[in-house]
Amino acid sequence: MLLALTSDQEFFRETTERFLVEQAPPNEVRRLQKDTAGFDADYWRRGAELGWTSFLVGEAHGGGTISGAGLVDLCLVAYEFGRHAAPGPLVSTNVVAGALSARDAHPDVIADLVAGTGIASWCAPELSSVPGVWVPTVEIRRDGGEVVVTGTVSPVESAGQAGHLLVTGHDGGGITQVLVPASAAGVSIEPLRTTDLTRRFGAVTFDDVRLPEEAIVGAPGEASTDVEAQFLRTLAILNAEAVGAMQAAFDMTVEWSFDRYAFGRPLASYQALKHRFADMLTWVEASHAISDAASYAIEEGSPDAAELASAAKAFIGQYGAEVVQDCVQMHGGIGVTFEHDLHLFLRRFTVDRSLAGTPGEHRQRIGAILDGREVAA
Amino acid sequence: MSAVSTEGAQIPEQLEDLESFRERARSWIGANLRPATADEMRWGRFGGSEEAELASVARDRELQRKLFDGGFAGICFPRAYGGQGLSPGHQKVLNQELVGYEYPARMQVPTLSPCATVLLEFGTEEQKLRHIPAILKGEELWMQFLSEPSGGSDVAGALTTAIRDGEQWVLNGSKVWTTGAWWSDWGLCLARTNWDVPKHRGLSVFMLPIHQSGVEVHRIEMINGSREFCQEFMTDVIVPDSDRVGEVDDGWTVGTRWMFHERMLYSSPYVSVPDGGRQAGTAATRVLGIAREHGRMDDPSVRDLVGEARMLEIVSDELMKRVTESIKSGRLSDQAAAIGRLFKGTTASRISTLALEVAGSAGAAWTDESAASETAVSFLMRQVGSIAGGTLEMARNVISERVLAMPRERTLDRDVPFRDVPRSRPTGS
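Protein sequences, first through last, are from chains A and B.
Residues in the first sequence are numbered from 1 upward in steps of one, following this note's numbering.
Residues in the second sequence are numbered from 378 upward in steps of one, following this note's numbering.
Worth flagging that the hints you see were computed from the coordinates, not collected in a lab.
Treat the hints loosely; a few may be bogus.
Quick list of simulated restraints, FRET-style, between CB atoms [what the hints assert, rightly or not]:
hint: 1; chain 1: B; residue 1: K698; chain 2: A; residue 2: A272; range: 29 to 35 angstroms
hint: 2; chain 1: A; residue 1: E374; chain 2: B; residue 2: R442; range: 32 to 38 angstroms
hint: 3; chain 1: B; residue 1: Y478; chain 2: A; residue 2: R373; range: 19 to 25 angstroms
hint: 4; chain 1: A; residue 1: E255; chain 2: B; residue 2: K443; range: 51 to 57 angstroms
hint: 5; chain 1: A; residue 1: R18; chain 2: B; residue 2: S801; range: 22 to 28 angstroms
hint: 6; chain 1: B; residue 1: R403; chain 2: A; residue 2: R373; range: 20 to 26 angstroms
hint: 7; chain 1: A; residue 1: E49; chain 2: B; residue 2: G447; range: 45 to 51 angstroms
hint: 8; chain 1: B; residue 1: A408; chain 2: A; residue 2: E374; range: 29 to 35 angstroms
hint: 9; chain 1: B; residue 1: E770; chain 2: A; residue 2: A41; range: 29 to 35 angstroms
hint: 10; chain 1: B; residue 1: K698; chain 2: A; residue 2: E228; range: 23 to 29 angstroms
hint: 11; chain 1: B; residue 1: G477; chain 2: A; residue 2: P303; range: 15 to 21 angstroms
hint: 12; chain 1: B; residue 1: F610; chain 2: A; residue 2: D304; range: 48 to 54 angstroms
hint: 13; chain 1: A; residue 1: A272; chain 2: B; residue 2: R578; range: 29 to 35 angstroms
Some, not all, of what chain A presents toward chain B, calculated at C-beta under 7 angstroms [to be verified]:
hint: 14; residue: L5
hint: 15; residue: A268
hint: 16; residue: K274
hint: 17; residue: F277
hint: 18; residue: L281
hint: 19; residue: T282
hint: 20; residue: I290
hint: 21; residue: A311
hint: 22; residue: A314
hint: 23; residue: F315
hint: 24; residue: V328
hint: 25; residue: Q364
hint: 26; residue: G367
hint: 27; residue: A368
hint: 28; residue: L370
hint: 29; residue: D371
Since the structure is predicted, the reported quantities are computational estimates derived from the model, not experimental observations.
For every residue, glycine included, the Cβ atom is placed at its ideal position computed from N, Cα and C.
So here's chain B without its partners, still in its complex pose (with noise of 0.2 angstroms):
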């Protein structure tokens, strides 16, 4: 943990001030990476061919490259491992610098957040050395093994075992929702070491490589067509005790940082993004494409469900920026990340509706031309942005039990050994 906390607290003087790297970056941007194109821009429709994926990612990793060798990978990871060593600010600067290019999109997370900060956290310095510079070079793509078939929301009640075997463990387990597992280099995991001891103190983290005899990724398709998440099945997976991540048994104290990162999103000072600014194409801006297309803005029924869509995103940005504020000031607690995370997944479930309103009947059938295009089979997966990364309810949870102090519920499964926890229904009954 104090990795992180010292790197933002550097002194300022020592840094770069905000304008110069303004220039700088700017002007590198513009004479190395080329405009967006209209298919950039819209990364995350899925349906594309598998060698135009893995080609994707090949240009991901090229352009990673050329930040690195540019001095614009890394911002706020320490020099010692590659990193720019600057401030959360420089990255905000960056970001709004990227608007408009291409960048690597895939590199961003879940590699560079969580993984890569969870290894700044809890590496030691030889894993540090290792993969940290790698990864900030695009060498290595990094994946989650957090999430289990068993339970989602659950995580700590993770059935991956890892036995240890001298200097080796030993892994046998299934983890899932993978993005892009069949193109990724490593994976984070979360195993159980520990069932003798209540679920959160038997716990702990290794790394291994995806691509090895003992794991078997399958793809799996989801109702919009895209196959972007995996599953995957280890076994015997053979891990050093030189990969292990934290301390034995200790992996909830990780766990926890880990998951905090996962709920910052592209919100972390970690990644690089093009600033989702207010001008830029946004999901408020298709919604009016689509009232437009069938001529529909004169209607003031239709005024009043695309200026919602642009409410909800105005507003989810300031949200946003006052519970980042309010996390690093100390007003709220760092589990008040989950507001935000609630607030973004009621909001974009929102928007997708209001797009299939206004839609109308191209919500049921449409020409691939269509400004709807699509509407409706996002609709189809319109609870995405409840569920990935966390359920909301989870994160009603969150808020009212970590920052309301509420009182928590009940559970099972606390005291006593995890061995012992009911982990489905009682055959017969």
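Isolated chain A (complex conformation) (with noise of 0.2 angstroms):
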């Protein structure tokens, strides 16, 4: 997280974190499990009224920031969602409030995400190894006064929970966004199994849905742009996230290492241990440090934020595992156990590290990135 906040930051990450604390304590995460959606929606509701589904969308449309910077703002949430486990559809229907926002589409909608009444998912377009290069399995044609959709998108977080869905897909020569209520004729959801005890995926099919082409948001066949920026924002939300979970299960794991005695001794005062702890500390610290600078680098603009941004999720995807992981064997077997809170962490981490590219997509990216600036230089 980020080192220096303002007053205002801080003010409400500790209004945040003390919300979290209150409402979704890890028995409250476990019992969500057999919920079908994952979090009540009064939750949900008083979390908007926190600011929570608020900093990506334009004041306009009822949106705002605290610092200025929309996207810092909201990593503060994820940290603390991911500290907590906390239940709740944060990056889907940010990152669909913010996209409807800067393309001034569906006002209605977006006050509806805002407000917390209302749930957004976005149906994302799948990584080439090439950044920029984006491949929809999803097709959007145009027929006379209407747009057809066909195609499937998986996995599609809170599918099932979202009353819109914004799709991504090609339209032969360009790549076109609609939006698509979920009530729609043609739309499917066949839920999907997952790690996270309150997180929900679903795989949607659109079968030659049909939708009038008011439908469509930003200009049709040109939405490229639009969708780096919605793919790098899902890439800073999830990666605060992922640091979150990392730094709950490592602070955890200090303090029984402190607590837990073996052979008449603290696990904290061998050095065997103790080195690894150092390594899983300097790793939590890079952690912070590289998604901090890819948020303000996606929040600027700035030409190097694809870079930093697939770096972020490379790297935390790869070492975080290792903390995390690293954290279950110095629990021993309690760590493995469902009665324990640890695995609440590894869950969350888990699905954060697999969303959005693997590290080891993402490395391609960063291979490709630095090739292509090589050969412009």
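Build the complex: two chains, separate frames, hints provided.
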């Protein structure tokens, strides 16, 4: 998390932290495992009142930031979500609200999303190894005054809970995005299984879904840069959340190492373990550093934003996994039981790691970005 | 210690603003320094002739003098000692403006930091006036007489002995791992002045000219052919008491700050080094060059390896900034510098392995013109970054014990006179 918060940011972070401690303690997270939606509507609405859904939305649409850097503010929420393995469709709703607001599209939907009374999901294209090139699995065809959406996207976060789906598709020549009501004829959602107790995913199929042209978001065929922006924001939120989960697991394990005695000594006194804690702290700090740097770069539209975002996703995914798994190892048997809280963070981390590109996919993208830049130079 | 911290706390209003400083630095650099040659960019490549090395040293002294005359030497050193009395922010601007130009590489570490910074913190007024301006003018190159053959990580276990003889001291012992002592002028030396107290309480720090009859400098040949490192043998070297730095037997107070500055390396605000910015020639760019030469960038597994090198480099930069900021703000103790040290060490090691992997069979045999040239030789030296300046194992001890406050390792040398501390395997066992 950021080193230097403004007093307003710190106040907001604390408010969110307090809210999550009260409303989403580990036993509540466990209870929600059996809940279809994975979160309570009232909880989400109250979170929205705190500001969770407003940071990527322009003031004209009822949004607003704390610091002027909306994505950075949102990453504070994401970090606290990670630290508490908190329920709620944070990534999907914010990314869609931001995308609609940027194109001044569907203001009524934006209003619902900001108020926390509506949920939306992004049916994103697949990654290609070439940055800036998207591979949608959906076709968006124009037919008279209508658009016809066909194809399947999987996994889609909160698909079953969303009232609206922002769909990225190819239209022959370019990339087009449309907002599809989840209730539209021809939309079907198959629930998927996941490791996280409260996150929900679905495979969404569009079977010749017909919509009026007004459903299109932005310029038809020219949505590539919008998609890039949505993608980078998704990475920033996932990274911040993953860092929060790592931090929670790490803090818990440091405490454990002082409390747990073996052979008459605390675990924290064994050099073999101390050295691993040193590595873990170093990787946790490095993850904070790269996550923050990437969020700022994305927010500011800096030329190295894509490279930093991929570096963050790749590093946090790779090294964070080692940190969290080593936390399990340090706990011993209790670390792999459902009773202990540690797995809540392992679950959240694992989902965040695997969404929007794995470490390997992002390393390849970084390689391609470096290659491209050195050609241009 | 006060000199440095007061310096950092100067009131900003008194200082030249950063943009006007940048303009001034840019125009002076453009008019006075020439663009760096490819060879200079590759400083650190070993095996050049002795004459070439001495010529480079002479050139570095000239460059340092130029910087001094131009008002750009010792940005964060007080004006009273020939510095500019400016802030770390100004140093950073200068480092950015130096990118792509020649600069006095051999003057920086260890001369300006940690040696000159230790003098600044602990030297007497007379010592500072005598040496810091001379250093900033390029007249004195300093080395650290710190490590000893008997123990690298256990610095406080120094065996080099200083015995008082009236107003002077007589030094005997051996120091090692001094880079380029054969072309340097002064040594900052940690020595034992009392064998009858526990090890940390019997040390003192001295300064001494390297080129004198009691000091014999041997050059050490490394496995990559480098002969940069030296070992010194001191026999009855006379040091006047006025060349003692800090109090008698309180050398560990000096040593602790000394090693703090040492760990800062090129992140120290007391050194001038072209900013290793993202666009500059970097380790990842070299890995990319090797991959391209073999036409392997179309191979996704190779793109992955190149991407990993770049990822580590970017994360390393960001981590260094975070650690520096955290120490400055007090979120983390000074000891957290070990976090940066650990990450840089493991990163350098991994990137060396990545380069060897990408080089394929050119890691076994190559031509001088090849981009993979010396990849394998660098790999032979891979662990240097994990040993020099304190091993990674020591860094891990520091992080776990000083940052995470975990119990210290049990030691057998704490509360006993140093004389009684076991120093080798008992004979006959």
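Hint check:
The given range of 29 to 35 angstroms is respected by K698 of chain B and A272 of chain A, whose C-beta atoms sit roughly 31 angstroms from each other. For the pair E374 of chain A and R442 of chain B, the supplied restraint of 32 to 38 angstroms holds, since their beta-carbon distance comes to about 36 angstroms. With their beta carbons about 22 angstroms apart, Y478 of chain B and R373 of chain A fall inside the hinted range of 19 to 25 angstroms. Taken as a hint, the range 51 to 57 angstroms holds for the pair E255 of chain A and K443 of chain B, whose Cβ atoms sit roughly 56 angstroms apart.
A C-beta distance of roughly 59 angstroms is found between R18 of chain A and S801 of chain B, which places it outside the suggested range of 22 to 28 angstroms. Taking 20 to 26 angstroms as the suggested C-beta distance range, the pair R403 of chain B and R373 of chain A conforms, at roughly 24 angstroms. Distance hint check: the CB atoms of E49 of chain A and G447 of chain B are about 59 angstroms apart, inconsistent with the given range 45 to 51 angstroms. Taking 29 to 35 angstroms as the suggested C-beta distance range, the pair A408 of chain B and E374 of chain A conforms, at roughly 30 angstroms.
Checked against the given bound of 29 to 35 angstroms, the beta carbons of E770 of chain B and A41 of chain A, roughly 53 angstroms apart, lie outside it. For K698 of chain B paired with E228 of chain A, a C-beta distance near 26 angstroms keeps the hint of 23 to 29 angstroms intact. The beta-carbon spacing between G477 of chain B and P303 of chain A, approximately 19 angstroms, falls within the hinted interval of 15 to 21 angstroms. Range check, F610 of chain B to D304 of chain A: about 51 angstroms between beta-carbon atoms, so the 48 to 54 angstroms window is met.
Here the CB-CB span from A272 of chain A to R578 of chain B is close to 31 angstroms, well matched to the stated 29 to 35 angstroms. Contact between L5 of chain A and chain B, as hinted, is not supported at the beta carbon level, the nearest pair being about 12 angstroms apart and thus beyond 7 angstroms. Because the beta carbon of A268 of chain A sits about 4 angstroms from the nearest beta carbon in chain B, less than 7 angstroms, this interface hint is met. Given the 7 angstroms rule on beta carbons, the hint for K274 of chain A holds: about 4 angstroms separates it from the nearest Cβ of chain B.
Interface restraint check: F277 of chain A against chain B, minimum CB-CB distance 5 angstroms, threshold 7 angstroms, status holds. For the restraint placing L281 of chain A at the interface with chain B, the shortest Cβ-Cβ distance is roughly 6 angstroms, inside the 7 angstroms limit, so the hint holds. Proximity of T282 of chain A to chain B holds as hinted, the smallest CB-CB distance being about 5 angstroms (cut-off 7 angstroms). Against a cut-off of 7 angstroms between C-beta atoms, the interface hint on I290 of chain A holds, since the closest Cβ of chain B lies about 5 angstroms away.
A least Cβ separation of about 4 angstroms between A311 of chain A and chain B falls short of the 7 angstroms threshold, and the interface hint therefore holds. Interface hint status for A314 of chain A: upheld, as the beta-carbon distance to the closest one in chain B is roughly 5 angstroms, under 7 angstroms. A least Cβ separation of about 5 angstroms between F315 of chain A and chain B falls short of the 7 angstroms threshold, and the interface hint therefore holds. With its C-beta approaching chain B no nearer than about 19 angstroms, V328 of chain A sits outside the 7 angstroms limit, and its interface hint is violated.
With 7 angstroms as the threshold, the beta carbon of Q364 of chain A comes within range of chain B, its nearest partner Cβ sitting at about 5 angstroms, so the hint holds. The restraint placing G367 of chain A at the interface with chain B holds, with a minimum CB-CB distance near 3 angstroms, inside the 7 angstroms limit. Checking A368 of chain A against chain B: minimum C-beta separation of about 6 angstroms stays under 7 angstroms; hint holds. Checking L370 of chain A against chain B by beta carbon gives a least distance of about 5 angstroms; that is within 7 angstroms, so the hint holds.
Hint status for D371 of chain A relative to chain B: holds, with the closest Cβ pair at about 5 angstroms, below 7 angstroms.
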